[in-house]
Every structure is written in C-alpha cells, then in structure tokens.
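Asker: Input sequences plus hints: build the corresponding full structure.
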Amino acid sequence: VRVLLDPGCPVFLEEPGYSLQRTILQAAGCRLVPVPVDQEGMNIGLAIDRGLRARAAFVTPSHQYPLGWTMSATRRLHLLSWAQTTGAWIVEDDCGSEYRYDGSPIRSLQGMDANSRVIYIGTFSKALFPSLRVGYVVIPHDLVERFCAVRFAMDIFPPYLYQEVLADFMSQGHFGRHIRKMRKLYGERRKVLVANLHGVFGDMLEVHGAEAGMHVTVTLPGGHRDTEIAVKAFHSGIGLLPLSPFYWKGPARHGFLLGFGSAPVDQIPAAVGAMRALLG
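Here the sequence shown stands for residues 30 to 309, numbered as in my numbering.
Just to be clear, a hint being listed does not mean it is correct.
Said to hold, decoys possible - Derived lysine to aspartate or glutamate pairs resembling EDC-like cross-links, with alpha carbons at most 16 Å apart:
(1) LYS213 <-> ASP123
(2) LYS155 <-> ASP131
(3) LYS220 <-> ASP295
(4) LYS220 <-> ASP131
(5) LYS278 <-> GLU44
(6) LYS220 <-> GLU240
(7) LYS213 <-> GLU240
Claimed, not checked - Derived CB-CB ranges, DEER-like:
(8) ARG209 <-> MET183: 31 to 37 Å
(9) ARG209 <-> GLY266: 17 to 23 Å
(10) SER110 <-> PHE176: 22 to 28 Å
(11) PHE263 <-> SER145: 32 to 38 Å
(12) THR115 <-> ARG209: 37 to 43 Å
Bear in mind the hints are in silico, worked out from the structure with no lab data behind them. Beta carbons are placed, not taken as given, at the ideal position from N, Cα and C, and that holds for glycine.
Answerer: Below you can see the structure in the form of structure tokens.
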C-alpha cells in the first residue's frame, strides 16, 4: 500500500471481504469502494457500468474470502483488461490456491498478466502451520527497489532463519510432498463435512466454496441471524464464525464459515448435529 497508493486513493475491495484488509487500507488513508462478489468473483463489469474508479483492486481469486468462490477465467481477463486500460494495480491475495479438490486449477492473475499490473502475495502460514509467519510477494521488476526500501523501513530484521529453513524444506522436495499429503487429508475432511451438511440440513442450507481452500461457507434461509446463533453456540462450547460481519455496505447474507483444517473426520458428524440443534 505504501509503495503503490497515496492517501485518498480509491481502491476496489470485494464485498463481502476480509475485514482486516479494510482496516489496513483505511489506516493508510485509502478511500474504499466495495464491489459485489458473485459466483465468478469480483464483478468488475458492474463497477465499470456504475462509473466507479479506483487506483487498485484487491482480490482473492482462488478461494474468495469469505464466500469461497473461484474467480472465472473470463472475469480474470476482464479484470486484467481494466487494469491495463486504467493503469490501475491488481493485488492478488492467492489464499487457498494450494488446496484445490475439484476441477482444474485456473492460472493466477499474475501468471496471466502481460502488462506488469499484478502484485501477487501469499503466505506459508496456512500451507504449513500458523506460527510460521513468513509471507512473500511477486512484483514487477521495476518495483523491486521501491518495495525493498519500504520493507527495510518497516522492519530491518526479517526472519532470515525461518526463510533459510523454509528454502531448504522446499528445495529438498518436502514442501511439495507435504502439500500432496495434506490435500488428500483435507479433501477427505471436506468430503465428510459437505456430505453431513447435506444429509442433516438438506435444502435448509446452501454450501459454497467446497472446491478449494480449508473452509466451506454455508448461507442460512431468511429469518436466521448468524451473529445471534454464534453467541448461542459460544455459550454451548461451539465456535461458529458468522458471515454477515464480512459485509461492509449494503444488505448482508447470513451464514457461517466452517473450517475443516483441524477437524478429525470422526468428530465432524457430531459437530454438524450440534449446529443443527442450534438452528432449531
């Protein structure tokens, strides 16, 4: 943000989207412009039709957070065309790209970009373990010096030891083997979770984003308020992450984000049953 944008710059954000991202951009003085997300990803065409302008667009195309949808190839091309035409930046947060279970993976925006308009960011904290606070960024060559200068000003002592160990872990082939192993494990957990959701709730819930990532999102029928149910669940010893707080403007959908990364398969049916009891 410090390299690419000046205070007051308008930026496109996914609606719904990652609340911490909004907080960071607001703290930097950016003017936030929410753009609705549908099953193909950020609807950049709608933003253009409404005459909205921005200096950058922040997107999660592989597994949109929080809804879990994957941005279509058509929508990716449209977004890249918008960036080229307007001179805007695309910041691609590729969360969830390591774990895809159904269908063929779509190339990253950065991989499709022929005009050096995409900043690609990622982290190893989900692929490996949360306490490994090592992220990375892939940037156009002419921005490297500016990014390094800002990085040095932020923290002159990055975690070199973690980086060296991680580099060895990858170069020796362990990282690839780990991803393949965990993709199989998470895929089984996801399969059991989705099957139980359909079996217990039937048409009462809609399940989204099961093709990739480490969580699925379920949306509730009208009349249910996810935040109220989450409070009831908390007092019953059950953790539910409500969907509606991820919306910033406009009407919010109600539902929950259900993570399966640390859920043993044999405990999933009971957890889904407990959730059903809470909904009445």
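Asker: Compare the structure with the hints numbered earlier in the document and write down the numbers of the violated ones, lowest to highest.
Answerer: 1, 2, 9 and 11
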